[in-house]
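*Asks:* Listed below, chain by chain, are the residues.
Protein chains: 2
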Amino acid sequence: MADEKKLVKEITSMDDDFAKWYTDICKKADLIDYSSVKGCIIMRPYGFAIWENIQKILDERFKEGGHENVYMPMFIPESLLQKEKDHVEGFAPEVAWVTHGGNEKLTERLCVRPTSETLFCEHFANIIRSYRDLPKLYNQWCSVVRWEKTTRPFLRSREFLWQEGHTMHASAEEAEQETIRQLNLYADFFENDLAIPVIKGRKTESDKFAGAVATYAIEALMHDGKALQAGTSHYFGDGFAKAFNITYTDKDNKLRYPHQTSWGVSTRMIGAIIMSHGDNEGLVLPPAIAPIQVVILPVAQHKEGVLEKANELKARLAKRFRTKLDDSENSAGWKFSEYEMKGVPVRLEIGPRDIEKNECVLVTRHNREKTVVSLDRLEDAVAEKLKQVRDGIYQKALDNCNRRTYRCDSMEEIKTVLKEKGDGFVKALWCGSEECEDKVKEETGVGSRCIPMEQELISGRCVCCGRPSRYMVLWAVAY
Amino acid sequence: MADEKKLVKEITSMDDDFAKWYTDICKKADLIDYSSVKGCIIMRPYGFAIWENIQKILDERFKEGGHENVYMPMFIPESLLQKEKDHVEGFAPEVAWVTHGGNEKLTERLCVRPTSETLFCEHFANIIRSYRDLPKLYNQWCSVVRWEKTTRPFLRSREFLWQEGHTMHASAEEAEQETIRQLNLYADFFENDLAIPVIKGRKTESDKFAGAVATYAIEALMHDGKALQAGTSHYFGDGFAKAFNITYTDKDNKLRYPHQTSWGVSTRMIGAIIMSHGDNEGLVLPPAIAPIQVVILPVAQHKEGVLEKANELKARLAKRFRTKLDDSENSAGWKFSEYEMKGVPVRLEIGPRDIEKNECVLVTRHNREKTVVSLDRLEDAVAEKLKQVRDGIYQKALDNCNRRTYRCDSMEEIKTVLKEKGDGFVKALWCGSEECEDKVKEETGVGSRCIPMEQELISGRCVCCGRPSRYMVLWAVAY
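Line by line, the protein sequences give chains H and B. With our numbering applied, the first sequence covers 8 to 486. With our numbering applied, the second sequence covers 8 to 486.
Don't read these hints as lab results, they were simulated from the structure. Just to be clear, a hint being listed does not mean it is correct.
As the list claims (entries may be wrong) - Which stretches of chain B does chain H cover? Using the computed rule of at least three CB atoms under 8 Å from a CB of chain H, they are:
1. 51 to 59
2. 71 to 77
Claimed, not checked - Think about it this way: if two alpha-carbon atoms lie no more than 27 Å apart in a straight line, the pair counts; the simulated DSS-like pairs of lysine-lysine are:
3. H/K342 / B/K70
4. H/K45 / H/K233
5. H/K143 / B/K63
6. B/K92 / H/K143
7. H/K331 / B/K70
8. B/K316 / H/K70
9. H/K45 / B/K143
10. H/K70 / B/K321
11. B/K92 / H/K112
12. B/K258 / H/K310
13. B/K90 / B/K249
14. H/K321 / B/K331
15. H/K45 / B/K90
16. H/K326 / B/K326
17. H/K63 / B/K331
18. H/K34 / B/K70
19. B/K331 / H/K112
20. H/K90 / B/K143
21. H/K34 / B/K143
22. B/K70 / H/K70
23. B/K34 / H/K342
24. B/K143 / H/K35
25. B/K70 / H/K326
26. H/K342 / B/K143
Note that the coordinates shown come from a computational prediction; the quantities given were computed from them, not determined experimentally. Yeah, the Cβ is synthetic: ideal placement off N, Cα and C, and Gly gets one too.
Okay, chain H solo, but in the shape it has when bound (with noise of 0.2 Å):
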């Protein structure tokens, strides 16, 4: 069988080429295919369906949070872009231009919304007039560019799908709330139902969202050491609302101006769950979002019975579970070889001598265990299998993270430690001057991912300079 399987699909190893593993699985489990068109993907039928499950989850707790969807245009014109001056020099450099219309050249040309912040604020300035319209807590589910000179399939795409919330507050502390709030839903999707270990932080002064008056983040360890910034929300205090002039009266009739957030999270995702978990037989999906939570393989098929107690359990595992039977022709080895890849949490193998003992074996994908269950529980079977699943790849996610997770007191230390255990999160001492940060990325490599929110031993000295500490930072080479 392991020789029909090396004639089915073979992925590089990930321990010798990381990189070429990682766009093999791509390719292999049928998530993308490229075009003729630079830098951009095609998302496939099996890659689409997970960010629709990421969606639906997604949209229904934004929702539950009283946040609701809109749908901004996917131009804008240079003048609005240039109306916030922080925001404009930081995405202007890496827009697509529109300059024409049909035959006709625009007498403005317009952008491809990288972001949208002016245009929200535009209509945030139309349509908030009183203490009443607040807090307007919007969002839209869209695609966005980003001229990116190098890319990868969902990391860094010219053209990503994404969502992001635009929110205005009457109070600076509501608008910091909120922030924090997003920032933990995000988390929170991550650990539970992607079952991929985040660190929360803020970014650094130079690695803020332009226009931000502060960042915050969730950053996670790839299986490569490597770091990955997956997910961001920002708080812009009332810069943005000056700016496109937004003001509300409040309840004593003071003009004032509202605070703002924006928070996003694309299918880079994707990216994050593909290098957290997937390993040298393919992807392997967290079952929250996996499109086929499980597939049922009928053993010996053509042997009477075999059909139709395999569609028999289908019918019944389909109201609990996206299920899949592979009833097709391919052989057994294909079969296994094929639903690995693709990542499917769990399988389900039948045959004649299963049936006769009222039985089917169950196998879970991150470890290959094969457990016989008895048909008169399988549905409780399937979900503790795949709650095992879920708890599987979540530890085995953690473990790698808290190996790779050094605690630095020098530059020497950071050196040494990043050559003799290989890439990893870092956790040095700073003092908050952006010219140790750049000192410290120049000579180690490693960049300032985030000041994570549960701060240790910041009573210290800055691991480049040695003057007084003032944060502990995370460091680490990104994605």
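Given the structure of chain H, go ahead and fit chain B onto it with the hints provided.
*Replies:* Chain B in isolation, oriented as in the chain H frame:
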């Protein structure tokens, strides 16, 4: 109360100025807002929620029919757009061109997709090899751009949201069946869910989609007697397959071209809803897609027990219906007017006297009929009322369509009837020549909308040239 209402929101009467009435509803029912992006609209939460409900229903039906969602890049390189001759001729004059990425001029300009046939074809050429790969039943939800000169919210916008289905089949017959299957799905959705009667038909040669062998459409008659093309389904034969070199080996190992379809509906449907069901008080929404199906308005809400009871009813109704309780401090008059403007199908009024009698009042939006119902059977009563709204507005739209459908035997009769009775559907015989088609339009003002599937009395003479007729055509002034 009449005066109070006028203070709140006033719209132009549809009898005075139908176009103004339409845009008034778009704005005052909080469906849209404008921005500095000319020709595009902002879909506000209430408007976007209608679209989300439409999406949910259609997406489920597409998936039941075996269709899978994918996501293609939003850009199309100019050379790819040019691969199918008719297609590029049809679309190139109305696309937006991206010429620069960041600060660099692109070596080849990209258009923002006006439709995605070319991208799907390129992808199909990559993934279709054998008859086992067929059919491919794909769909995409996305936004598309067409650089229109004159725009109107939902009806004609430079950017709009839609779904585009793209399918590939082994045989012409199967592809033709798919074209009709999806046309029927659209017609069924319009009739049952949107409560809009439609006529199914085939477009004349001059009115086909660029590159199609045959284009089918559903046409609906708006309240003012103008027609709206509400959805289209195209059969492509193997024309694109040949242009893009998409082949498969059949069961006999022969190389063949597959046959193709595409089909789409867009946010234009929201325009159809407004102009089919709206009245001088505002929007009237079909219950299937109404963001709020029942609004609960407490009467004398400051009195003891009223809000408590209203909340209790909300909790009960929310289990089965999209329910809102408005317990704001706004006056009863304001609330009545607000939810009539927003087209909420059923209003529930509950006050102290109703509570005493274990009753409440249900008011249906379209006819303002009030019914006192026992709280014991509230859920069923609301369900009945929602059904009455759907049936009532469907019948009203059907009556309008029937009243405004004229059977004409001469050019003179067309002119007279339109002059005397106003715009509507004209049924008239046609010889099939483009010359006559153009002449009818030029002389009478009505263009061919479609050749209805249900033909009546076709053995006659062309209304224009007097030669033997081939088809009965539906003619109208169209949006």
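*Asks:* Next, verify each hint and record whether it holds.
*Replies:* Here is how each hint holds up against the structure:
1. With 6 residues bearing a CB less than 8 Å from a CB of chain H, the segment 51 to 59 of chain B meets the requirement of three and the coverage assertion stands.
2. Coverage of the segment 71 to 77 of chain B by chain H holds [criterion: at least 3 residues with CB-CB distance below 8 Å; count 3].
3. At most 27 Å may separate the alpha-carbon atoms for a hinted pair to count; H/K342 and B/K70 meet this at roughly 24 Å.
4. Restraint check for H/K45 and H/K233: satisfied, since their Cα atoms lie roughly 26 Å apart, inside the 27 Å limit.
5. Straight-line distance between C-alpha atoms of H/K143 and B/K63 comes to about 25 Å, which keeps the hinted pair within the 27 Å bound.
6. The hinted pair formed by B/K92 and H/K143 fails the criterion: a straight-line CA distance of about 48 Å is larger than 27 Å.
7. Simply put, H/K331 and B/K70 have alpha-carbon atoms about 14 Å apart, close enough for the 27 Å limit, and the pair holds.
8. For the hint pairing B/K316 with H/K70, the CA-to-CA distance comes to about 25 Å; that is within 27 Å, so the pair holds.
9. Only pairs whose Cα atoms come within 27 Å are accepted, and H/K45 paired with B/K143 is accepted, the gap being roughly 24 Å.
10. A distance of roughly 18 Å separates the Cα atoms of H/K70 and B/K321; the hinted pair therefore holds under the 27 Å criterion.
11. Our distance criterion of 27 Å between C-alpha atoms is met by B/K92 and H/K112, whose separation comes to about 24 Å.
12. For the hint pairing B/K258 with H/K310, the CA-to-CA distance comes to about 26 Å; that is within 27 Å, so the pair holds.
13. At most 27 Å may separate the alpha-carbon atoms for a hinted pair to count; B/K90 and B/K249 meet this at roughly 10 Å.
14. Only pairs whose Cα atoms come within 27 Å are accepted, and H/K321 paired with B/K331 is rejected, the gap being roughly 39 Å.
15. For a cut-off of 27 Å, the pair hint linking H/K45 to B/K90 stands: about 18 Å separates their Cα positions.
16. Note on H/K326 and B/K326: the hinted pairing holds, with a Cα-Cα distance of about 20 Å set against a maximum of 27 Å.
17. Of the pairs offered as hints, the one joining H/K63 and B/K331 holds, with about 22 Å between alpha carbons and a cut-off of 27 Å not exceeded.
18. A distance of roughly 24 Å separates the Cα atoms of H/K34 and B/K70; the hinted pair therefore holds under the 27 Å criterion.
19. About 48 Å separates the Cα atoms of B/K331 and H/K112, which puts this hinted pair outside 27 Å; it is violated.
20. A hinted pair counts as satisfied when its Cα atoms are at most 27 Å apart, and H/K90 with B/K143 does not qualify at roughly 46 Å.
21. Proximity of H/K34 to B/K143 is assessed by CA-CA distance (about 18 Å); at most 27 Å being required, the pair is judged to hold.
22. For the given pair, B/K70 sits about 24 Å from H/K70 by alpha-carbon distance, which is consistent with the 27 Å threshold.
23. For a cut-off of 27 Å, the pair hint linking B/K34 to H/K342 is broken: about 55 Å separates their Cα positions.
24. For a cut-off of 27 Å, the pair hint linking B/K143 to H/K35 stands: about 18 Å separates their Cα positions.
25. As the CA atoms of B/K70 and H/K326 are separated by approximately 17 Å, the hinted pair is consistent with the 27 Å bound.
26. The hinted pair formed by H/K342 and B/K143 meets the criterion: a straight-line CA distance of about 21 Å does not exceed 27 Å.
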